Every structure is written in structure tokens, then in C-alpha cells.
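Asks: Chain residues, written in single-letter form:
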Amino acid sequence: MWELIRINKRNSVLLLMLMAVCLLGLGAVIGMAIKGPDGGMLGLMIATGIWVILTLISFSSGDQIMLAASNAVPVTHDVNPQLFNVVEEMSIASGLPMPKVYIINDPAPNAFATGRNPKSASVAVTAGLLAKLNRDELQGVVGHEMSHILHRDILFVTLAGVMLGSVALLSQVFLRGMMYGGGSRRRYSSGGGKGGGGAMAILLIVAIVAAILAPIVTQLLYFALSRRREYLADAGSARLTRYPEGLANALEKIADDRAPQLASANKVTAPMFIVNPFKKMGEWNLSDMTSTHPPISERIRILRNMSQGASLKDYSDAFVNVTKSRTVMPASALTKEDIALREASAEAKEEQKEKQLRQVGDIMRKVNGFIFLTCACGMTLKIPPNYAAATVECPRCHTTHNVNKA
Amino acid sequence: MVVLIILLMIAAGLLLVVLYVIGTYNVFVGLRNQVDNAWSQIDVQLKRRHDLIPNLVETAKGYMQHERGTFEAVTNARAQAMGAKTVAEAAKAEGALGDALSKFMLVVENYPDLKANQNFLALQEELSSTENKIAFARQAYNDQAMFFNNRIQMFPSNIVAGIFTFTKRDFFEVSAAEEREAPKVSF
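First to last, the sequence lines map onto chains R and G.
Our numbering numbers the first residue of the first sequence as 7 and each following residue consecutively.
Our numbering numbers the first residue of the second sequence as 1343 and each following residue consecutively.
If we strip away everything but chain R, and leave its shape as in the complex, we get (with noise of 0.2 Å):
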């Protein structure tokens, strides 16, 4: 767990020399190519200037925009005992200081940690979240959200994404003022240029190439380190709690919900939530590599490869073995930790029972030509074969459906 933090914290600061060499070498060419040679200094400039006001910005109110921007209330331990409980027992296992706990008015299953440093972090989760789970699957997502603080992830994640904010900005602002003002900038570029017209149109070419190119590559960058953390994160849940079943059924719920997206996803946020709040991205399939998380279902299937222990090695086991690639996980974070699994607890046992019942009951009901319709509300309605009438009503909600009986 330490080795993880401690390698997590030098490749964050790899990562953002990384990408601060892609700001500043943009800023460079850019200014170049509008104002010749010189203009390389000046570029390099506006590009820090863009990179430090952005990292400003999200350093000094970060946490305070992104919680006001989900309508987060704060809790406290008497107004809901169970999800302040939860964070304490996690809070205890990982031995950060505790954080501040807040519920999103929201019936879309999700949540997300926040803050710089362990000791100024914000934990918060919808209330849907709260409606679904029982207590190990919220003991679960609260361990992932742990974990991102425990890490340092949030720090590395913020840093990263001010770093795209001003590749991007910087890109558009270029691209777009040579779209607008492709004549007088010949005027420049000779003014100022000592070797003629050939070498600035070159760099001009070479300044639009890496103005297009630079926002994807760093995107993507994000997008991979995402994805990564997301995984460690896991790690680390399954580590806290011991229990990483808990978690699995967890994202199950999540997944399976049929709720409206969280009303307060934006592009920038989206990141820092346990699952991608977005439901549909266009065309595109959340699960390749312009989506910040990873797939779920291939989170739950590692999660419950987990048969040996709950260690990080455990994880990074069954990472191998479902993934069939190279793992996630740093080679010195691999040490052999003997960490037992714990059972579920009470509550979640009786569920499980119900679950096995309700699973029994439906696989009669298909077996003797019941008709299964999903109402857009959550609701699965199953009609019997020999049901009349060609629509039948939710009982919850009241919408129509028309009753295909193929």
C-alpha cells in the first residue's frame, strides 16, 4: 500500500513533466511559427501564464466547484448514522484522517472523493447509491473512494487535467485565429522571419500539426492514467475491506441501474466518479480508450478472480489472469501480503438468499412462456402467457407498454 503511494507520487511528477514538456513545446512552435524565432520565447511564456492562472484556479477551489457543482449537502453522523459509520470504518482501516461526508440529491448510483491532501478531502455519494446497496457493497465503494485519497490520486488527477485544460486551450486559441486571420499573418511571419518565407510556412505547418495533435495525445495520456487508477483503486478497496465480493455486487447494482444520468455529469468531473456517469457518449463505446474508466464488467469479473487473498498482489493476480495482459500494478507494490478474505455480513447473506430465490423464480417464469418487458422507470414486468389484452400498465409508473407476443 505504501509502495503504492510512493509510486504513484514519482510518476505523477514524470507524468506531469510529461505533459509539461507537450504544453510548453506547443506554446514554443506556436509562437514561432506567428512570430518567427523570437516568437518561441513568447509562446513558452503565454503558455505558463494559461498552465499557472488554470492551476490556481482548481488548487485554491477545487473541491468547493466540483461539490457545489453536484448539489452535495454535507452529513453528519445524525443525519444518516449508516453511510457516516461506513466512512469512519474506512477512514480507521486506512488510517487517514476522516473526511467530510456529503450525499447528492440524485437517483443515479454514484460517488466520488476530493480534496489535495487526506487532510482536507471530501468524500460524497447520491442518494441512489444509498437506496441500492447494503452495507458491505456501500463499505465497498467507499473503500474505492478512500483509496483514490489514500493515493494521492486526486492530486495527480487535478494537476493532469489543468495540464489538458490549457494544451487544449492554447490549441484552440491558435487553431482558431488561423482559421480567421489567415491573411495577415503572411504579413507577420515575413516581417519577422530572417529566413524567408519557406522556413516559417514550415513551421506554420508544423505549429497546425502539433495544435491538433497535442489535445488527442494528451487526452489520451489522461484517459490511459485514468484508467490505471481506477484499477489501483479497486486494489486497494479490496485490500481495506477484505471483502472485494462487496464491491463487485456493488458495481453490479450500479450497472444494472436503469435510472436517468446523474444530473450533474460534465466532462470535466467525470473523472473523479467511481463509474463513467456518462451513459452514452455519442457513437462511441464507453469502454475503449477515450473512456476515463475501465469497463465494469471487467472490474467486477477481476474483483471476484480474487480467490486467494485480498492483498494488492491478489488483485494483481486476477488482473492477469482476466485481462490477459501485463498488470497495472508496480512491481515493487507485489510484495506477499498474507491477507485473508473475511465473509459477508449478516445483511448481505440474507440478500444473497433473496437473490438466489428471485433467480429461481425467473428462470421458471421463462421456462413456462412468461413475457419479460423493461419499463424505463427500473421496473421488470413479467406477464404470463396468458395475459389478454395487447398493453399492460407499470404498476410504478404508469407508462403503457404494448405486449408483443412473438
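Read the hints as simulated data drawn from the structure, not as lab findings.
It is possible that some hints are incorrect.
[To be verified] List time: in silico DSBU-like cross-link candidates among lysine-lysine, alpha-carbon distance up to 35 Å: (1) R:LYS372 <-> R:LYS355; (2) R:LYS355 <-> G:LYS1510; (3) G:LYS1403 <-> R:LYS138; (4) R:LYS125 <-> G:LYS1403; (5) R:LYS259 <-> G:LYS1457; (6) R:LYS106 <-> G:LYS1457; (7) G:LYS1403 <-> R:LYS355; (8) R:LYS125 <-> G:LYS1510; (9) R:LYS319 <-> G:LYS1510; (10) R:LYS259 <-> R:LYS372; (11) G:LYS1403 <-> R:LYS359; (12) G:LYS1457 <-> G:LYS1510; (13) R:LYS15 <-> G:LYS1510; (14) G:LYS1457 <-> R:LYS138; (15) G:LYS1434 <-> R:LYS355; (16) G:LYS1510 <-> R:LYS361; (17) G:LYS1389 <-> R:LYS106; (18) R:LYS355 <-> G:LYS1389; (19) G:LYS1445 <-> R:LYS359; (20) G:LYS1445 <-> R:LYS361; (21) G:LYS1427 <-> R:LYS355; (22) R:LYS138 <-> G:LYS1445; (23) R:LYS359 <-> G:LYS1427; (24) G:LYS1445 <-> R:LYS259; (25) R:LYS106 <-> R:LYS138; (26) G:LYS1434 <-> R:LYS138; (27) G:LYS1403 <-> R:LYS319.
These figures come from a predicted structure and were not determined experimentally.
Got chain R sorted already, so can you dock chain G onto it with the hints?
Replies: Relative to the frame of chain R, chain G by itself:
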């Protein structure tokens, strides 16, 4: 001239060693304090459990009038745990208290009126949360102790550890074998 250079190199080497020793010592002190802190966390949670129990017994007494034996068992176990002096005694007494509590909760299962009481439900959540917290505090202590032990036993920092006598910390093992088994329900 050459002698001067050699002397300077030896001095530089010594300086590096001293800096290393100081740095490692400080790291060890920080880690040891964290282990102590984790240990005291366990104490905090155990005390919380002690404080919850009288309230629990009072709330239940109104409903479970004929279960005096169960009440006495819990109250005695609590007194024992609070009076324990050494760490070994405390571990044993806390294990016994945990057993008494789980037997108590089993008896509660027979009283649906009590189970529906709001106060009791709140107390039950607090109690189960406290049990979880005790478990997690133990877990955190063991993790921290293991990290500390690793550091002081690995080469070359174990030399520094030996000089300043940082000793290995014991893991907080579950003492009573009964505590490891889930309570068996038999009617």
C-alpha cells in the same frame, strides 16, 4: 596534494553516511509513532464498545424481562474487560466480551418487538459499526506493524535500527480460538 584529496574524499564519504543514518533514524521514528498511533486506535474503539453496552442493556431490559442471565453475562464481561491491566489480559477479556455480545444479539432475535424499536435499531447499528471498527483498527495496526518490521529488518537500514534499538513489533493476533469461529446458531 594527493593526501589532501584522499582526506577530502573520506570526509565526504563519512558525511554521506552520517546523513543516511540521520535520515533513516527519522524515518524509523515517524514509522514507530504511526504504529503506536494505530495501537491506540484499537484502544479508542474498545472503549467505545464499553460505553455503548450499558445503553444497549437498558433499552433491551424493557422487552426481555426474563433474560436476566444474558444481561448479567454481558455486564460482567464488560466489567472484566474494563478492569484488565496487562495487554494479554485485555486481549483475553475483550475476546470474552465479544462472545458475550454475540450471544446477547442471538437472544434478541427472539423478540420482534425489540427488533422493531427505533432506539434499539440505532444502537444495533452503532454496535455493529463498533465491532467493524475494532476489526479495522486491528487490521490497520497489523499493516502498520508489518511495514515497520519490514523496514527495520531490511538491509542496510537494519544496521541503523540495531544501533538505536528499534525493536520489532508484535502482531495483534486474535487470542481466543473461539473468537475466530462464527457463533453457531442452534435451536
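Asks: The structure should be examined with respect to each hint, and the outcome stated for every one.
Replies: Checked hints:
1. R:LYS372 <-> R:LYS355: Answer holds: LYS372 (chain R) to LYS355 (chain R) is near 26 Å, not above 35 Å.
2. R:LYS355 <-> G:LYS1510: Violated - the C-alpha atoms of LYS1510 (chain G) and LYS355 (chain R) are around 39 Å apart, more than 35 Å.
3. G:LYS1403 <-> R:LYS138: It holds: about 34 Å lies between the C-alpha atoms, which stays within 35 Å.
4. R:LYS125 <-> G:LYS1403: With a Cα-Cα distance of about 42 Å, the restraint between LYS125 (chain R) and LYS1403 (chain G) is violated, given a limit of 35 Å.
5. R:LYS259 <-> G:LYS1457: Given that 35 Å is the threshold and the Cα spacing comes to 28 Å, the pair holds.
6. R:LYS106 <-> G:LYS1457: holds, 31 Å
7. G:LYS1403 <-> R:LYS355: holds, 29 Å
8. R:LYS125 <-> G:LYS1510: Roughly 29 Å separates the two Cα atoms, so the pair holds.
9. R:LYS319 <-> G:LYS1510: holds, 24 Å
10. R:LYS259 <-> R:LYS372: Holds, because 22 Å separates the two Cα atoms, which is no more than 35 Å.
11. G:LYS1403 <-> R:LYS359: holds, 32 Å
12. G:LYS1457 <-> G:LYS1510: violated, 46 Å
13. R:LYS15 <-> G:LYS1510: holds, 28 Å
14. G:LYS1457 <-> R:LYS138: Distance of about 22 Å is within 35 Å: holds.
15. G:LYS1434 <-> R:LYS355: OK: LYS1434 (chain G) and LYS355 (chain R) at ~29 Å, within 35 Å.
16. G:LYS1510 <-> R:LYS361: violated, 47 Å
17. G:LYS1389 <-> R:LYS106: holds, 24 Å
18. R:LYS355 <-> G:LYS1389: holds, 29 Å
19. G:LYS1445 <-> R:LYS359: holds, 24 Å
20. G:LYS1445 <-> R:LYS361: With Cα atoms ~28 Å apart, LYS1445 (chain G) and LYS361 (chain R) stay inside 35 Å; holds.
21. G:LYS1427 <-> R:LYS355: Judged against 35 Å, a Cα distance of about 38 Å means the pair is violated.
22. R:LYS138 <-> G:LYS1445: holds, 30 Å
23. R:LYS359 <-> G:LYS1427: violated, 44 Å
24. G:LYS1445 <-> R:LYS259: It holds: about 33 Å lies between the C-alpha atoms, which stays within 35 Å.
25. R:LYS106 <-> R:LYS138: Status holds; Cα separation ~22 Å.
26. G:LYS1434 <-> R:LYS138: Given pair LYS1434 (chain G), LYS138 (chain R) is violated - Cα atoms ~39 Å apart, limit 35 Å.
27. G:LYS1403 <-> R:LYS319: Given pair LYS1403 (chain G), LYS319 (chain R) is violated - Cα atoms ~49 Å apart, limit 35 Å.
Hint check: violations occur at hints 2, 4, 12, 16, 21, 23, 26 and 27; the rest are consistent with the structure.
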